[in-house]
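Quick note, the sequences are listed as chains E and Z, same order.
Start counting the first sequence at 39; every next residue gets the next number (this note's numbering).
Start counting the second sequence at 39; every next residue gets the next number (this note's numbering).
Do not rely on the hints blindly, as some may be mistaken.
Where chains are identical, the list cannot tell them apart; a pair therefore holds if satisfied intra-copy or between any two copies.
[Unchecked claim] Within a straight-line C-alpha distance of at most 30 Å, the following computed DSBU-like cross-link-like pairs (lysine-lysine) qualify:
1. K180 with K532
2. K74 with K107
3. K454 with K107
4. K102 with K209
5. K74 with K102
6. K287 with K525
7. K106 with K74
8. K186 with K454
9. K349 with K74
10. K287 with K297
The hints are simulated quantities; they were obtained by calculation from the structure and are not laboratory data.
Computed from a prediction, not measured in an experiment: that's the story for all the values here.
There are 2 protein chains.
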Amino acid sequence: MGQPADHLVENAIGREVPEQINGEQAIPFQGVGQYKPSGYKHAPRIRSCSDYPSNGDKRVASLKEALKKAGIGEGMTISTHHHFRNGDLLANQVFEAAHELGIKNLRWFPSASFPCHEHLIRYMEDGTIHHIEGSMNGPLGKFTSEGKMKGTGVLRSHGGRYQAVQDGEVKIDIAVIGAGCADAFGNANGLYGDSASGLLGFALADSEYADQVIVATDHMVDFPCVPWQIQGNHVDFTVELEQVGIPEKIVSGTTRITKSPDRLLLAEMTANFCEATGILHDGFSFQSGAGGTSLAVGEFFAQKMRDTGIKARFARGGSNKYLVGMLEEGLVDYILDGQTFDLEGLRSMRDNPNHVWTSPFTSYNYHGKGNFAGMVDVVVLGATEVDVHFNANVVTHSDGYLLHGIGGWQNCLFSKTVILPLPLFRDRIPVITDQVTTVCGPGEMIDVVVTERGIAINPQRSDLIEKAKGSGLPIRDIHELRDEALKICGKPAKPRLEDQVIAAIKWVDGTVIDAVRKVGK
Amino acid sequence: MGQPADHLVENAIGREVPEQINGEQAIPFQGVGQYKPSGYKHAPRIRSCSDYPSNGDKRVASLKEALKKAGIGEGMTISTHHHFRNGDLLANQVFEAAHELGIKNLRWFPSASFPCHEHLIRYMEDGTIHHIEGSMNGPLGKFTSEGKMKGTGVLRSHGGRYQAVQDGEVKIDIAVIGAGCADAFGNANGLYGDSASGLLGFALADSEYADQVIVATDHMVDFPCVPWQIQGNHVDFTVELEQVGIPEKIVSGTTRITKSPDRLLLAEMTANFCEATGILHDGFSFQSGAGGTSLAVGEFFAQKMRDTGIKARFARGGSNKYLVGMLEEGLVDYILDGQTFDLEGLRSMRDNPNHVWTSPFTSYNYHGKGNFAGMVDVVVLGATEVDVHFNANVVTHSDGYLLHGIGGWQNCLFSKTVILPLPLFRDRIPVITDQVTTVCGPGEMIDVVVTERGIAINPQRSDLIEKAKGSGLPIRDIHELRDEALKICGKPAKPRLEDQVIAAIKWVDGTVIDAVRKVGK
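Sequences are here, hints too, so could you generate the full structure?
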């Protein structure tokens with residue numbers, strides 16, 4: 039199985055990418071901000087209230103019934119969302135139903151996949167699912183990397199997913215939106231119910247642009263379900279299920295900051311760098327992810343803010359109890375949240391009007407009239423690899439396996455300063471290399487790499503280099519750091535990659551920035 | 039000046055309506071729910087963040103500068119909104135600027151106009167404005183009725199306005215959205231600032247679909263302006279003005295229920311009817327307008343609810359201190375508010391999460407996947423005239439002058455029961471007639487007319503007729519009420535109408551339900 043290698047072309051950063059993906063024309067990456075879209079947004083069909091129940095009750099008896107009423111058929115695009123994370127019980131049920139109905143060659147368009155979706159491999163094998171566009175994490179990534187998926191995978195950032203839907207690059211036939219709480223009309227939110235997830239922003243594009251929209255919940259409330267994060271006016275059918283998610287796998291009861299001394303060191307160095315260079319200033323803004331190191335950076339920020347009397351205007355979430363603590367302590371005026379990771383985040387979003395839910399539209403869509411990403415002073419992100427040109431990889435490991443999604447990572451690169459705190463090596467494999475296996479972000483967008491053995495600043499950021507002078511921080515050339523890693527680890531084995539392209543990596547503007555190859559045996 | 043009478047056709051309720059309006063094809067009304075739209079929603083151009091300031095600051099120095107940057111030109115459609123009601127200082131400035139720039143033949147597309155816009159008559163006279171699509175209240179209505187406007191006016195309901203924009207029936211070139219509060223990126227709300235108006239829902243369609251969007255405020259705050267009732271991601275330019283509205287004319291400090299014994303009687307009879315027929319039941323929902331009689335109905339409802347222990351699930355606003363009182367007393371679970379009329383409404387919307395801001399999209403758009411209107415158990419509305427077929431008029435007076443807009447009136451007709459409490463005559467002119475001057479709502483949508491001399495139930499509502507039996511309520515045939523009015527007032531003079539069509543009345547689906555004629559001298 040698997041697609042033959044497509045005709046390849048070299049894009050603006052010298053990566054060979056397919057001209058066609060799954061039979062559709064693709065545009066090679068042309069440089070940051072260089073591709074200018076023409077044309078018009080995707081225009082959904084005009085509907086009439088006369089075709090919907092006047093009492094607003096759009097309930098149908100089962101998910102299968104809803105899919106049938108929505109006209110599920112061969113080759114359609116079905117979208118789901120990752121609000122329930124690894125506790126999702128919905129996507130598997132959708133494709134079980136599709137399988138039972140004998141539908142083939144579906145395009146699965148999740149906002150992300152999780153290990154719980156390993157169950158879907160059988161439906162890729164039996165032809166129910168043709169290919170995935172969305173993250174192929176863990177088991178699905180391995181399956182894809184081994185060339186077993188019928189079509190070519192397409193990975194997009196959260197913002198790129200909104201862009202693709204808005205622009206009509208991906209036309210969704212049926213969106214199935216799982217919600218913690220909904221009413222019969224389809225108004226829905228992630229704030230209440232056993233499967234509360236915080237917010238439903240990843241499904242926003244789908245609700246606006248999909249031809250048919252199904253809302254599924256295990257907590258149906260009387261109209262009105264308030265607030266309506268998903269608006270029932272976009273919804274065709276609603277369905278009440280026994281259970282849509284496993285609560286303890288949706289939001290964790292406790293978030294924990296790393297206790298690893300190595301990671302804490304990286305976090306402290308990152309915070310020190312921000313302080314020394316004036317990034318940490320009154321009214322600043324920041325975003326740090328949900329990983330252990332990122333969480334720790336936030337805590338170091340908090341301590342410095344307390345010490346110096348500095349306040350942040352806003353923090354972008356992923357929210358968790360630490361960020362909520364900063365909001366409640368008054369260190370941060372607003373949390374602009376895209377994803378809620380724990381129960382404290384959920385509580386805060388529910389009760390505190392300054393804990394604001396956002397969406398990939400507001401925060402990340404590159405084909406809008408601006409977005410929030412560029413307004414953030416500093417983001418702290420992870421990567422699997424970074425190279426001496428500051429290009430970075432978040433989707434493949436150095437062995438070539440596709441094991442992660444892009445998430446909001448590419449979108450965050452547009453913030454004023456991007457910092458990657460990374461260990462110099464992992465499992466004796468250097469993290470700083472000559473060339474990353476997969477380019478997810480071009481080097482010009484990445485400003486600082488913080489390692490335990492020194493901080494490398496992108497030469498383009500002469501302002502930061504200047505500000506760091508005399509700070510006592512261990513500023514080093516990225517080539518030195520690469521050399522040091524090599525000296526310690528030795529030259530790692532090259533991944534055994536074949537020619538066949540198993541997935542394409544899209545940039546935030548819909549162009550193809552890189553291709554992922556099949557991993558050989 | 040004025041348009042020659044267009045070729046007319048008879049629509050489904052026998053009204054003669056133009057086939058073309060301002061040179062564009064129009065569809066005659068085909069009956070409620072009979073016109074099925076085909077085609078696709080209006081698709082705005084795809085934009086790129088690379089064309090907007092990366093720091094999110096979209097401020098320009100003046101309104102004129104913003105209009106120039108937005109490319110204002112001959113024949114364009116410029117929209118404004120009535121959130122500032124009769125305290126609006128923005129629309130006049132927009133057309134002053136257009137006049138100074140020498141632009142001609144603009145289509146003004148307000149969500150409503152007020153007497154404060156009388157100033158714009160000079161720009162209709164000098165050719166800056168070609169015609170108005172929106173309500174032509176007071177002085178503008180008189181001007182239009184006298185045949186002095188260059189083009190033909192088009193009146194739409196609030197929902198019809200959303201529908202027209204969504205469907206591409208009206209393509210807005212430049213939307214100018216006045217906001218009580220905004221940030222430089224264009225996020226805006228009506229909750230804060232001297233010109234706070236409550237909400238900005240009437241501008242939602244414009245923000246989503248207009249080619250260029252300008253947000254103007256006199257209260258610019260640091261990003262993020264929260265909550266973002268208008269999303270900055272839809273906005274091209276922001277501008278800070280000295281003053282956008284006159285506070286005391288935007289929201290009143292005090293709302294007062296009518297003290298007129300006649301109106302109080304109508305209100306009490308209406309509430310008694312709702313009680314007797316079981317419309318007032320636990321979990322019911324209602325909407326009553328901002329007029330004195332409607333307010334009084336709400337108060338009678340409240341008293342009955344206290345007496346019987348009934349609670350309402352939701353009330354649709356226009357909100358005011360009386361409705362807020364019901365919410366805070368626990369008589370109502372939610373206010374779903376479309377327009378805030380006083381300071382108490384404003385405070386409640388700002389502070390109470392159960393006081394929810396809605397929009398013409400959620401509440402009224404007929405070309406969506408359902409809307410809220412049909413879910414409301416009972417609405418209490420006004421009218422200038424109603425006829426023996428229960429057709430009702432809200433835009434013209436019996437002398438033929440176009441003096442009011444439709445507002446949400448047509449949209450509300452979709453609720454489960456529509457009640458019009460009306461005096462039998464006003465200024466010795468009968469309100470119940472053989473045929474209304476202008477049909478805004480077809481008789482099949484109007485269920486009950488309550489007058490001081492009896493209550494007429496639409497024969498189609500045999501269920502209500504049955505329920506009212508034995509209630510002691512003065513149920514009467516509508517013909518009897520007409521006869522009684524005639525007997526008291528005598529036959530009123532016919533309005534002196536000429537053939538020339540000066541405005542068209544659209545139904546909620548974009549079809550033409552009636553035409554308004556020039557008033558002769």
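Results of checking the hints against the structure:
1. In this homomeric assembly, K180 and K532 come within 30 Å of each other (Cα to Cα) only inside a single copy, at 18 Å, whereas the closest approach across copies is 82 Å.
2. For a Cα distance limit of 30 Å, the shortest separation of K74 from K107 across copies, 20 Å, qualifies, whereas the shortest one inside one copy, 39 Å, does not.
3. Taking the closest pair of Cα atoms, K454 and K107 come within 30 Å of each other only across two copies (27 Å); inside a single copy the shortest separation is 47 Å, beyond that limit.
4. For a Cα distance limit of 30 Å, the shortest separation of K102 from K209 inside one copy, 21 Å, qualifies, whereas the shortest one across copies, 40 Å, does not.
5. In this homomeric assembly, K74 and K102 come within 30 Å of each other (Cα to Cα) only across copies, at 28 Å, whereas the closest approach inside a single copy is 41 Å.
6. With identical chains, the CA atoms of K287 and K525 are never at most 30 Å apart, being 41 Å at best within one copy and 75 Å at best between copies.
7. Taking the closest pair of Cα atoms, K106 and K74 come within 30 Å of each other only across two copies (23 Å); inside a single copy the shortest separation is 39 Å, beyond that limit.
8. In this homomeric assembly, K186 and K454 never come within 30 Å of each other (Cα to Cα): the closest approach is 40 Å inside a single copy and 56 Å across copies.
9. Taking the shortest alpha-carbon separations for K349 and K74, neither the intra-copy value of 38 Å nor the inter-copy value of 55 Å comes in at or below 30 Å.
10. Taking CA atoms no more than 30 Å apart as the test, K287 paired with K297 passes inside one copy only; the shortest distance there is 22 Å, against 60 Å between copies.
Hint violations for this structure: numbers 6, 8 and 9, all remaining hints satisfied.
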